[in-house]
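S.K.: Sequence:
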Amino acid sequence: MSQNDSDQAIAAVRAFNRFYTRKLGVLEPKLLHSPFTLQEARILYEIRHRPACTATDLTRDLGLDPGFVSRTLQTLQRRQIVTRNAAKHDRRINELSLTPSGRTAQAELERLSHEEVGSLLASLDDIKRAAVVNAMTTIEQTLEPPVQKPAAFLLRSHRPGDIGWVISSQAKAYAAEYGWDISYEALVAEICAQFIRNYDPSREHCWIAEADGEPLGSIFLVKGSADVAKLRLLLVEKKARGLGVGRALVEQCIRSAREKGYKQMTLWTQSILVAARGIYQAAGFRRVKEEPHHSFGVDLVGETWELEL
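Quick note on the working numbering: the sequence shown kicks off at 1 and runs consecutively.
Keep in mind that the hints are not guaranteed to be accurate.
The list that follows gives simulated cross-link-like pairs (lysine-lysine, DSS-like), each with its CA atoms no further than 27 Å apart [said to hold, decoys possible]:
| # | residue 1 | residue 2 |
| --- | --- | --- |
| 1 | K263 | K223 |
| 2 | K260 | K289 |
| 3 | K223 | K260 |
| 4 | K88 | K239 |
| 5 | K260 | K88 |
| 6 | K230 | K172 |
| 7 | K263 | K238 |
| 8 | K239 | K263 |
| 9 | K172 | K260 |
| 10 | K238 | K172 |
| 11 | K223 | K289 |
| 12 | K230 | K263 |
| 13 | K172 | K239 |
Worth flagging that the hints you see were computed from the coordinates, not collected in a lab.
Given the sequences, and given the hints that come with them, work out the whole structure.
M.R.: Okay, structure coming up:
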């Protein structure tokens with residue numbers, strides 16, 4: 001595609017976005033003349049139509065900032081639209097649900113939206129209506145193809161031989177993807193050796209993600225102090241990325257930290273590790289410090305992230 005063709009295509013998409021948002025009125029302060037903003041309405045929809053829903057689910061699946069989700073839920077709770085209750089399977093997890101008022105409000109939003117779109121389509125004849133619907137379906141399926149069902153994997157505790165695999169996998173992955181030198185392998189070996197020597201099962205743990213007997217990833221929960229746990233050495237093999245392995249490992253680590261009585265969790269990562277940072281942010285971690293440094297043969301920006309448990 002030439003630069004001119006590319007510019008014209010971009011302009012066409014942006015023009016359509018402006019047209020469609022205006023046509024549906026999503027730029028109005030309140031959606032469909034209701035008491036709710038567009039984001040509030042979307043959150044209510046997700047809570048209503050999921051068998052179980054948490055703030056972390058909303059943050060991850062809607063691509064929203066954790067702070068924004070937290071503030072919005074607090075507002076909806078004050079308005080007695082949303083309530084939080086401890087999950088039956090894990091009392092430490094708060095699941096979201098709609099109050100009777102919330103269900104009524106969400107049903108009204110559904111009705112208004114149905115009528116709004118119905119009115120829009122009613123002005124078209126059968127041929128034009130089918131063309132519009134087909135075009136929308138094409139856009140959705142082209143920009144976001146149906147996701148294949150992820151391969152099944154399990155998380156298990158470490159056993160003899162796993163720690164050696166962690167060291168080797170970490171060294172190979174960061175050398176191949178980021179050009180880190182052998183000093184990183186030495187650091188990982190030191191962390192792992194210390195974990196084995198001082199392992200306290202009541203306060204620490206290592207999980208291995210596995211499918212068909214093959215390790216796909218790992219994570220460590222390590223004691224920092226009586227109240228602070230450290231999340232260390234998250235790794236997902238390249239062939240297993242996109243399956244939810246990293247998210248599952250981080251969520252398991254957080255759950256275990258809560259079970260073991262920690263009040264806070266901290267981790268140290270690098271600014272270039274975009275995928276891992278996204279997982280941490282979706283899980284509720286916030287970046288509290290960043291500092292340039294030269295390590296493992298390259299210039300990096302180290303980041304400290306924290307999560308209140």
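S.K.: Please go over all the hints and tell whether each is borne out by the structure.
M.R.: Hints, verified against the model:
At roughly 12 Å between alpha-carbon atoms, K263 and K223 fall within 27 Å of each other, so this suggested pair holds. For the hint linking K260 to K289, the alpha-carbon distance of about 26 Å falls within 27 Å, and the restraint holds. For a cut-off of 27 Å, the pair hint linking K223 to K260 stands: about 10 Å separates their Cα positions. Distance restraint check for K88 and K239: the Cα-Cα separation of roughly 35 Å exceeds the 27 Å cut-off, and the hinted pair is therefore not satisfied.
Simply put, K260 and K88 have alpha-carbon atoms about 19 Å apart, close enough for the 27 Å limit, and the pair holds. At most 27 Å may separate the alpha-carbon atoms for a hinted pair to count; K230 and K172 meet this at roughly 23 Å. Between K263 and K238 the CA atoms are separated by roughly 33 Å; this puts the pair beyond 27 Å, and the hint is violated. Taken as a hint, the K239 and K263 pair is broken in the structure, with Cα atoms around 34 Å apart against an allowance of 27 Å.
A distance of roughly 32 Å separates the Cα atoms of K172 and K260; the hinted pair therefore is violated under the 27 Å criterion. Between K238 and K172, the direct Cα distance comes to roughly 11 Å. Compliance with the 27 Å bound is thereby established for this hinted pair. This hinted pair checks out: K223 and K289 have alpha carbons roughly 20 Å apart, not beyond 27 Å. Note on K230 and K263: the hinted pairing holds, with a Cα-Cα distance of about 11 Å set against a maximum of 27 Å.
A C-alpha spacing of about 14 Å is found between K172 and K239, which places the hinted pair at or below 27 Å, so the restraint holds.
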